[in-house]
Amino acid sequence: MNRRSTRRDFLQSTLGTSAVISLGGLVPACFRNALAEDNNGGETVLVVVQLSGGNDGLNTVIPFDDPLYRQNRPTLAVPAPDGLTIDNGLGFHPAARGLADLLENDQLAIVQGVGYPDPNHSHFESMDIWHTCQRKRKESPRKTGWLGRFLDGTSTAGDPAGLHLGSKKQPLALAAANTRVPSIRSLERFRLQGDEDHEVRQFVGSLAGDQPTGADDLLSFVQTSTTAALSASERVEAARRDYQTPVTYPEHALGHKLRTVAQLIDAGLRSRVYYVELDGFDTHSQQAAAHAALLGQLGDALSAFVEDVHHHGHGQRVLVMAFSEFGRRVKENASKGTDHGAAAPLFLAGERVKGGLHGARPDLTALEEGDLKFQTDFRRVYATVLENWLGVASNPVLGSDYRPLDVLNNVS
Amino acid sequence: MTESRPIDPQWAWAEYQPSDERPWNRRLAAHLFRRAGFGASWEMLAEAVARGPAEVVTDLLEPVDAQQAAQDAFAEAILAGGDPRQLAAWWVYVMLQTPTPLLENMTLFWHGHFATSAEKVTDARAMYAQNALLREHALGSFRLLVHGISRDPAMLIYLDSATNRKAHPNENFARELMELFCLGEGNYSERDVKELARCFTGWELRRDRFRFNRYQHDNGDKTVLGKTGPFPESDVIDHVLAQPAAPEFIARKLIRFLVADEPVPPDELVAPIAGQLRASNWDVGQAIGTILRSNLFFSPYAIARKVRSPVDVTVGLLRSLEATTDAARLASELGDLGQGLFYPPNVKGWDGGRTWINSSTLLGRANAVGRLIRDPKTRFRGGDLATYFTEHLGAETGEQVVDVLTQLTLAVPVSEPLRDQLIEVAERPGPRNERLAAVVHALGTLPEFQIG
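So the sequence lines, in the order shown, correspond to chains A and B. Going by this note's numbering, the first sequence opens with residue 144, and the numbers climb by one from there. Going by this note's numbering, the second sequence opens with residue 7, and the numbers climb by one from there.
Note that these hints are calculated values from the structure, not bench results. Mixed in with the good hints there might be a few duds.
Said to hold, decoys possible - Across the chosen pairs, the derived CB separations fall in these ranges:
(1) A/T508 to B/D227: 22 to 32 Å
(2) A/G232 to B/T234: 56 to 66 Å
(3) B/A285 to A/G534: 51 to 61 Å
(4) A/Q336 to B/S195: 48 to 58 Å
(5) A/G534 to B/P382: 49 to 59 Å
(6) B/T128 to A/G456: 41 to 51 Å
(7) A/K279 to B/S25: 37 to 47 Å
By construction, the Cβ of each residue, glycine as well, lies at the ideal position given by its N, Cα and C atoms.
Kindly generate the complete structure, drawing on both the sequences and the hints.
Structure below.
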């Protein structure tokens, strides 16, 4: 037998498991963790919900008392509903009942008019700006995202530093120089299949120790990604156990993903960041029904998730941030839709937020090229999350100083 | 392209001439077929080595329509059902069977460039018609392709331009025409988007067909990209294509697709290909010919410098083993791996490169290879794996099997210990078909397998 088999035998005899993958010389941290009893007093966790396509903020947090709102939205203006009032003549879209429930429980902070100077109207460019905190520069592609830079400085003792749940490509926000963030489509699929005698598993595991390191070329990128995939797969498999919750999640993709996040947090996974997406906000035509459905999904899934993590005793250490790459044009278009805009509200949800409205309200009389002007730079929100939630200095991550917002409470 | 010294553009695009230092061999032939279109069988590689690179590239660029009729009949049967998801199975079938893999690969390239998703369009016939348009011009005129796509019903539905009225121009198509199709971000202003949108007012769909509605067209002067005028008909498209940024944008994307994922090719390397596109009035086939025949293409700057797409990995594996399979199942696997045909993730298409790779897709690729190779519907030149290896590849021993397989499927040479381990897998006891399947499955899990 060669030396690799010896290491495998060692792990098997030490850990008593039959299908352990050896992960090179630096293995056993994650297996030690898997065997250790998890407690619930882990570190703070950030759950990012990306609303892809550009959420119509003006029809999410609605200025019902502003005549300009009705003038600009002849077909899309929503009549003021009962019971969804926020404050100052503002109210939620009637479909966003879940958001209103969170606000009522003091579990939702609404940061108004979030954006950045000289807004870009391309989905991809604006999303990249949100993900990297950098404008496009010729000849120097943006390689890391703000969360990736945070994750590079964290230590999660063998667990994946962050997790992306979804089948689409990974958001640039999670790209890091040294950390590989796994993407998980579903827990069931997230393992090597198809060879019942674990032959391939063992084969791959035995190779992982042979990897060259250092060179930033494609092959070493794929090699480190493969190691990360196998490691995360083992860990998630170990974390999977019967999960009981009295909370009923809505039956759609976002509900399922957030339920999985709650399950992994409760299983004791030490990941600091979870990232999920809700797509479909690019409502250029026939917006009303589509947008209402999305706001319903967002609100229902978020309120179920916040209740669930509370029920399992993790409420004090879980914060959700929901953002979109931009809002939409104030004036609706001829297709009963709205085109790409600029500033929009951003939501923070959890037990430790200071519930209610934050930041200045965008002014419908002072538009910039037909768009709402931003009142709060999104990097101030990031600085808040980094400094006051994740507990790190924000300057090295954001590349500059941004003043945090007063939207979070200390541990109660 | 990790080497940092600059590449001489003149050397780069000059035709590669085999020599004693840089001999034309099976490895280079496999590289050519992998990049041009989904790999090649052992037999094709031997034939290519005998013929030389120039002739092989000329052949790849040559249109053949022997199977066109059969493909159309298959497509008709699927269109009668109306489900666009079935179309993906049809395209997989075409990719596996086609005698013109470069044409098919470039059709896939343009599908990613002019990304349109059946998720929103839902009309299988419109998606099929767009696919035919992409194939018609895939190796032809990019100019005609842009003109065609701007009147293509599936595209107009996808970008919300099925109605476009004078009073409220829809900016979506105008923006993407400049940002994603022709110029690239940063080469136009927000004002250009608004003015260009006015040019497309009155371009609409009527009973699923394009028509120009002159009552809804804004006839006034517009100022687009520094030029003012009424821009009648489709003049404005030629005006956009006349921008210097246009051929550079397309040349850069072609080089990235055919040569290397990283880094972004420097301007001086892009310029000759951009110049050729401009001088030839946008003849894409000619530019591709230059790229595929070049010194750069057959150099370490290109070999093993791309992350293989899900189609490259799966269709490539099957084509190199002359296999057929359950196309519907493979089409659905491709969706799981992040490359659902007719279902690109958004209007920007697939980013490719490193974005193909994450933990889920890596586990998924290994699982997909394992399932594909063991699926009873997968037949290798009509027979099973054991017969194929013995009769058509002449590979009997574990060593022979591993050497043939690695040459067929890997761009990166395997290390000696890795080769030994693969041979060990091949020589374990058990039925020969399962032994061979296990070796292929093991290969599919390797980082090396993802690089092409």
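Look at the Cβ atoms of B/A285 and A/G534 and judge whether their distance stays inside 51 to 61 Å.
59 Å, holds
Return holds or violated for the Cβ distance of A/T508 and B/D227 against the range 22 to 32 Å.
31 Å Cβ-Cβ, so the 22 to 32 Å window holds.
Range hint 49 to 59 Å (beta carbons of A/G534 and B/P382) holds or violated:
Given range 49 to 59 Å: holds, Cβ gap about 55 Å.
Is 48 to 58 Å respected by the C-beta to C-beta distance linking A/Q336 and B/S195?
51 Å, holds
Is 56 to 66 Å right for how far apart the beta carbons of A/G232 and B/T234 are?
With Cβ atoms ~44 Å apart, the hint is violated.
Tell me if the beta carbons of B/T128 and A/G456 are separated by a distance inside 41 to 51 Å.
Because 45 Å falls inside the window, the suggested range holds.
With respect to the beta-carbon atoms only, verify the hint that A/K279 and B/S25 lie 37 to 47 Å apart.
Holds, at about 42 Å.
Violated hint: 2 only; the structure is consistent with all others.
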